[in-house]
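Here the protein sequences come in this chain order: A and B.
So the first sequence is numbered by this note's numbering: it starts at 1 and just counts up by one.
So the second sequence is numbered by this note's numbering: it starts at 1001 and just counts up by one.
For the record, the hints were derived by calculation from the structure and aren't laboratory data.
Hints may contain errors.
[To be verified] Output of the computed footprint for chain A on chain B, the stretches with three or more beta carbons under 8 Å from beta carbons of chain A: (1) 1064 to 1076; (2) 1079 to 1087; (3) 1110 to 1118; (4) 1304 to 1310; (5) 1320 to 1326.
Every residue gets a Cβ at the ideal spot worked out from N, C-alpha and C, and that includes glycine.
Protein chains: 2
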Amino acid sequence: MFEFELLHADGAARRGEVRTPHGVVQTPSFMPVGTRGAVKAVTQRDLVDLDAEILLGNTYHLYLKPGDDLIARAGGLHAFIGWERPILTDSGGYQVFSLASMRHITERGAEFRSHLDGSLHMLTPEKATDIQAQLGSDIAMVLDECVASTDGIDGVRDAMRRSARWAARCRERLQRLRQGPVVGVTVTNPGQAQFGIVQGGIHPGLRTESVQATLEIGFEGYAIGGLSVGEPPAVMYDVVGHTAPQLPADQPRYLMGTGMPDDLIECVARGVDLFDCVLPTRNARNGQLITSRGLVVIKNARYAEDPLPPDPGCGCYTCRHCSRAYLRHLYIAGEMTAATLNSIHNLYFYLDTMRRIREAIMFGSFERLRQEFHQTFSRRPLQ
Amino acid sequence: MFEFELLHADGAARRGEVRTPHGVVQTPSFMPVGTRGAVKAVTQRDLVDLDAEILLGNTYHLYLKPGDDLIARAGGLHAFIGWERPILTDSGGYQVFSLASMRHITERGAEFRSHLDGSLHMLTPEKATDIQAQLGSDIAMVLDECVASTDGIDGVRDAMRRSARWAARCRERLQRLRQGPVVGVTVTNPGQAQFGIVQGGIHPGLRTESVQATLEIGFEGYAIGGLSVGEPPAVMYDVVGHTAPQLPADQPRYLMGTGMPDDLIECVARGVDLFDCVLPTRNARNGQLITSRGLVVIKNARYAEDPLPPDPGCGCYTCRHCSRAYLRHLYIAGEMTAATLNSIHNLYFYLDTMRRIREAIMFGSFERLRQEFHQTFSRRPLQ
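If we strip away everything but chain A, and leave its shape as in the complex, we get:
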């Protein structure tokens, strides 16, 4: 039930379709992050209006609350949250490393204490696979060991090799679940695909070794993990440029946790198909509107009487209805709808950028789009 079709290529940039049990995703695609079964500050209706084709759900959060057993009894995550389109779930590993109040890694898995109530949990590759089978996402991720960007090459190598061993166990577990019922696990989406994750930090040799080990196991798609953890963009681009071409052309490639809009363009240029990032929604809640010409930091006094929309060239609901002055007022007054309106704009900007990228690839004009984008876009506040 899971398929990837490569429709067109323009240089290394790829235009494709990911087909899942819950519908098709046009790639390159950006996935809004619905951490706890909800993208913060926007409703599912907003996401449909924005034409989001796929959501990301965080296994760590959903496992702790409301629990994958409860979600499985509700028929899976799609039914529970009322989202009929595709969902990708991560393995929970990243949050164990970034959120849990204690973690202890062994070959068996990651033992950790919940950041919510201190309760003790063990996340093994098998458990991460089972939880995601119960959630019933369309794409599940293998459990990997995340390392700090400051770790030396030996630590990165050890974690990469352990991740490969864990990936094999995740795959084995999923194959077992596909063969027939396993006591205690309700498979809510029999057509679920599983992606492997390439690790290896910023070291080309380790990345190549990880690609080979991951391809040897064999998955429906491949992710590039361990980036967007503090390294400079140029370094990330190099790692992606080194890694992506080594992945099978006929399978989807997913760059995890990236990034700013210019990162997306640069990584599409290097052959990536899928992205996710909390940046558009998190920055929105912090009052940063991402526009085609730079950031609108909405609390700034210069916007107090500005009648322009955040981005005069943007077609989102917020830009069609709200002035910067009104959005500043809402943000300063602490109105919840500030987060909603800003999130709608930022998500629209991301999703619209992906639409334009897809169109450019189809017309063979991706390189021109890329150049034009860099000429106007800025990560700095609007001048």
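Could you slot chain B onto chain A? The hints should help.
This is chain B only, laid out in the frame that chain A set:
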């Protein structure tokens, strides 16, 4: 530009149309409260989807932040918040009494300190009229002196008589503004109407005296103030039943700050046309969903796996898309969208109740609707 047409009566219940410079309001009507130029947790688009025909804005809040001068320069409140339909503004008096950190009442007006920054302000009848002229609401309210429900009859009488003197000054000021430019005041809506407010607490004699004094001044419509301040519903119904029939049949009647859905039905039965209340949105943020059969207190463990929508008979977005189990999860997780989804439901319930009331009056079946409503509706948690 302001008109009221009485279309139909069914007993004391009235079906009418309020015509304003920003369009028509079908009455009886409920006005969602957009305190600071935004109904909390819902966007203007949600309000249009919900078919809200008129919003209430709070003069006290808007005067303090972002300020009526700024809003006037933006072209008025409609332009500033991107709401093209009618708006009613209160006078600011109620918040001076309930929110300000200090207040000192003299014949001249109410001196108070901002609850935001402690700054000192003077709200006179003239100032309240000027602020609302700058906001450019379609219906402005006179400044009245609010008294505590525990005040004795002498205090209530004094405040009522002072309110009548203040009302005359508000009217005089508006007439002056209508005659031509006044330095320092930008009239952003020349068709603005002004409503007088009947005070007098729970004392029939004082209410009658207040009606006479207010009618003598003469306004485009009349409000009943000083209720929903802690008195039992039956007492409120009696005061409304005593007061409303004394008001002109060919002008709109507005009951301020009320109430629960059964209050609305009972006061329509006594001849009220317009209502406002923070209850549906405030209760929504506190996790209370108001349904045709009672409250759904969404945090309750009994809803943890409940696949039903909040109200199986309801047609709102939330009930069409979300289970109680999902809404409970969002509420407990502290997701902002819990407030949004709950507010959409509660506002829909209020607005839909008003729609059903209007239809029943047209068909002469209001009394039957009223009986049926009381048979099923409850203010207590759903059994």
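Here is what the structure says about each hint:
Look at the region 1064 to 1076 of chain B against chain A: 5 of its residues bring a Cβ nearer than 8 Å to a Cβ of that chain, three or more, so the hint holds. For the region 1079 to 1087 of chain B, the stated coverage by chain A holds: 3 residues have a C-beta nearer than 8 Å to a C-beta of that chain, and at least 3 were required. Evaluation of the coverage hint for the region 1110 to 1118 of chain B: breached, as 0 residues show C-beta separations to chain A shorter than 8 Å, against a requirement of three. Three residues within the 8 Å Cβ limit are the bar, and the region 1304 to 1310 of chain B against chain A gives 3, so the coverage statement holds.
Only residues whose beta carbon comes within less than 8 Å of a beta carbon in chain A count, and the region 1320 to 1326 of chain B has 5; three or more means the coverage holds.
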